[in-house]
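There are 2 protein chains.
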Amino acid sequence: MKVYVTGPRTDIRVPFREVTLAGDGSAVRLYDTSGPAPDGPAVGLPPLRAPWVAERVAGGTQLRFARAGMATPEMEFVALREGVPVSTVVDEIAAGRAVLPANANHPESEPMIIGKRFLVKVNANIGSGSGTSSVDEEVEKLRWATRWGADTVMDLTTGERIHETREAIVRNAPVPIGTVPIYEALERVDGDPTRLSWELFRDTVIEQAEQGVDYMTVHAGLLMRHIPLAVGRIAGIVSRGGSMMAAWCLAHHQENFLYTRFEDLCRILAQYDITLSLGAGLRPGSIADANDPAQLAELRTLGELAWVARRRDVQAMIEGPGHVPMHKIKENVDLQQEWCREAPFYTLGPLTTDIAPGYDHITSAIGAAMGAMYGTAMLCYITPKGALGLPNREDVKAGVIAYKIAAHAADLAKGHPGARAWDDAVSKARFEFRWEDQFDLAIDSEAARTCHDEALPVPQAKVA
Amino acid sequence: MKVYVTGPRTDIRVPFREVTLAGDGSAVRLYDTSGPAPDGPAVGLPPLRAPWVAERVAGGTQLRFARAGMATPEMEFVALREGVPVSTVVDEIAAGRAVLPANANHPESEPMIIGKRFLVKVNANIGSGSGTSSVDEEVEKLRWATRWGADTVMDLTTGERIHETREAIVRNAPVPIGTVPIYEALERVDGDPTRLSWELFRDTVIEQAEQGVDYMTVHAGLLMRHIPLAVGRIAGIVSRGGSMMAAWCLAHHQENFLYTRFEDLCRILAQYDITLSLGAGLRPGSIADANDPAQLAELRTLGELAWVARRRDVQAMIEGPGHVPMHKIKENVDLQQEWCREAPFYTLGPLTTDIAPGYDHITSAIGAAMGAMYGTAMLCYITPKGALGLPNREDVKAGVIAYKIAAHAADLAKGHPGARAWDDAVSKARFEFRWEDQFDLAIDSEAARTCHDEALPVPQAKVA
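Protein sequences, first through last, are from chains A and B. FYI, this note's numbering numbers position 16 of the first sequence as 277, with every residue one higher than the one before it. FYI, this note's numbering numbers position 427 of the second sequence as 688, with every residue one higher than the one before it.
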């Protein structure tokens, strides 16, 4: 059952999934990303944050307010949601160790925070290619992703309905929406990356900003001098945005315009309070390429750019791999935290081996859980079909659940306050044969019910 | 394609799966557990090891020969299989850091080794309850498990066809077979653990030993003084064998007979060269109970018993959890290695959170991969339905593949010689668009083919 906890002002209403236990009538409250019940894709969700945005007549980003020591309603909201003092939220955002992605033009979103002191978050990629699915289907995929626990959703739609699809997704999204604007810019030059330009990119960003996109991936850290470092790789440049910018640089013999015009970009993003997600254009695409000079050189640049963004009041997080064997994950997270001054790390997986195409959700959940334990703040899911394909409904569910497991396992390992209460409630219910309680508490009640018969512990298990 | 590499004597023929690449015609050889093609369950596999066993007229265990500095044909076989010098195999077995489970009465098995210096191994549990499936179905499940890469199989069959099923499984098993003899002993006393006795247990062990069981789980480390330590647990005693022995001790006010008659047991096991798997009767069954005093007290006793076993020439490994949050996995493995003098650690998972019943293969693959990176030698799979149920065919495949991924990720992290060649071959094939090579190399070629369309990298990915 969904319940709301009211904050210091009555229009701060934080949703939780509350499970009332048959055992002793006590209630367990769980983080809930599913959002209000929609009235249909065409109507959109209620504009929860509209009054809060309206009150900030002079604008200003969450980072700017945090630096001034002011707690916005969004910060109050996430403090209640995470069960931490609001001062922690203000401090972490002010220090750049956390981001609260909330475009002023996306009032429908329920505030959430990304940072290593908070619950580990999960992003789900959705989107359709040309004519592969309808706008309504993508909205349904968005709701499906948040129903299973996605904390943010990236819309990677391409093709002729790109603007219309994004509009429908943002209007129906109870979570922050991310995009990769260079994908849309590329469509405007018919897929030829050498025809990209700052002006074209800027116009794309502004259009998406007006629609309410909360965070944008920008591959500004891939520099000309980094490209030769990737030549000896087994898998080359696997990031789509990274390979576009590398192609542009090589064709024009000029530095990446996303880098040279970075301050201009920040000025735009600050107006909307869009969070930068600094793209890992040189992330490794195979185990052999992990933590190599190309990846690490770009990471240093991303750290510099995050610093520049903060000076401009723009919240920033750093994207990461990809493919990393287990013994190199800690090194990667540690270097990111050092070089990027603890800016939130947002990684794709990483996959811990290349041998299992078709099982990428499992291969990468291992790496994602470990990375999150070491400090990665948000995990971009990888579906069974891998990072590059656009997922169908079943892929979305499989990916989100595998990643919620990884995120929660990391919350436990980090000792996040309250994380273990969920596990303990499930285990107590199992030990006491309260099956319905166990199902109701499970991350996927339906799957737990299906497995009921085979999960019966033997009676002797209660001897002690 | 299956190929065989011949050893120092022509009757040592080590199987590999060889994949010839369309790219440059080179061949990649992969570890292969599938065994010879069977002539049908009633016929059984050819007795590969019969001449080797016959040559050892005075008997003797692999441990005894290793201590004498002698390489048996089985040791030569595993050296070729693992790509290491035979001296390493001899040394590791002699030191008790590795076991080579090979009952003299199971000549059909292809030798394999379990130890932290070698490839991480995966066990699959199979077995049927009373009348739930036929003997042929269980043999088919065994072949299915080894087809996907199970290195050993435990037969947990109960019910009236227990002897017949085990016989069929052993005769058709190209891998070592493990059992938990106390389960069968319990059936002989109509399910009442208080009626168990050393004599009944001994007779059960001898019957199974005669059939050719290669390793046996024995819960000899659960002592009377440990039982009160488990009283305050959230999940009590979840090990079936552990709860039986606890019930027996409490009913009789006597010490566990598996402990008091341990030397008698070792004398029997040595005659057949059966490997002891010292059961974790007090393994934690919830995150809350991980690494608690009950678990650790038993672990110390298991270490003492492993030492006793070795003195009697009996190979021994140590079983472990269960449920352990990520941050406590290393501590668990480190204590096991210290207290058990580096005897091979064989763990069930562990699950890293309790919130996801129905997804236990993923929840536990995370813990299994980490444990193996820290030194766990063999991983007992957990299927999506969990540890306690008997799996169907699809569960077996899902469990084995999740665990082969975990094991291989750990092989990479440990730098096992040759492990990365497999990943590199897959990644090179992907980068060069050699789709058929990528499918042929994948751990599950069929799944990889299914995902083909969505795994297509964009052409720009080749720029560097």
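One or more of the hints may lead you astray.
Chain copies aren't distinguished; within one or between two, either way the pair holds.
As the list claims (entries may be wrong) - Calculated cross-link-like contacts (lysine-lysine; reagent style DSS-like; alpha-carbon spacing at most 30 Å):
#1 Lys263 to Lys658
#2 Lys589 to Lys675
#3 Lys591 to Lys263
#4 Lys263 to Lys589
#5 Lys658 to Lys675
#6 Lys591 to Lys675
#7 Lys263 to Lys675
Hints in this document: simulated from the structure, not taken from any laboratory.
Tested hints:
Taking the shortest Cα distances, Lys263 and Lys658 sit within 30 Å of each other inside one copy (20 Å), while across copies they are farther apart (37 Å). In this homomeric assembly, Lys589 and Lys675 come within 30 Å of each other (Cα to Cα) both inside a single copy, at 19 Å, and across copies, at 11 Å. In this homomeric assembly, Lys591 and Lys263 never come within 30 Å of each other (Cα to Cα): the closest approach is 37 Å inside a single copy and 38 Å across copies. In the homo-oligomer, the alpha carbons of Lys263 and Lys589 never lie at most 30 Å apart, since the shortest distance is 41 Å inside one protomer and 34 Å across protomers.
Proximity of Lys658 to Lys675 under the C-alpha cut-off of 30 Å is restricted to the intra-copy arrangement: shortest distance 25 Å within a copy versus 32 Å between copies. In this homomeric assembly, Lys591 and Lys675 come within 30 Å of each other (Cα to Cα) both inside a single copy, at 14 Å, and across copies, at 15 Å. In this homomeric assembly, Lys263 and Lys675 come within 30 Å of each other (Cα to Cα) only inside a single copy, at 27 Å, whereas the closest approach across copies is 46 Å.
Violated hints for the displayed structure, listed by number in ascending order: 3, 4.
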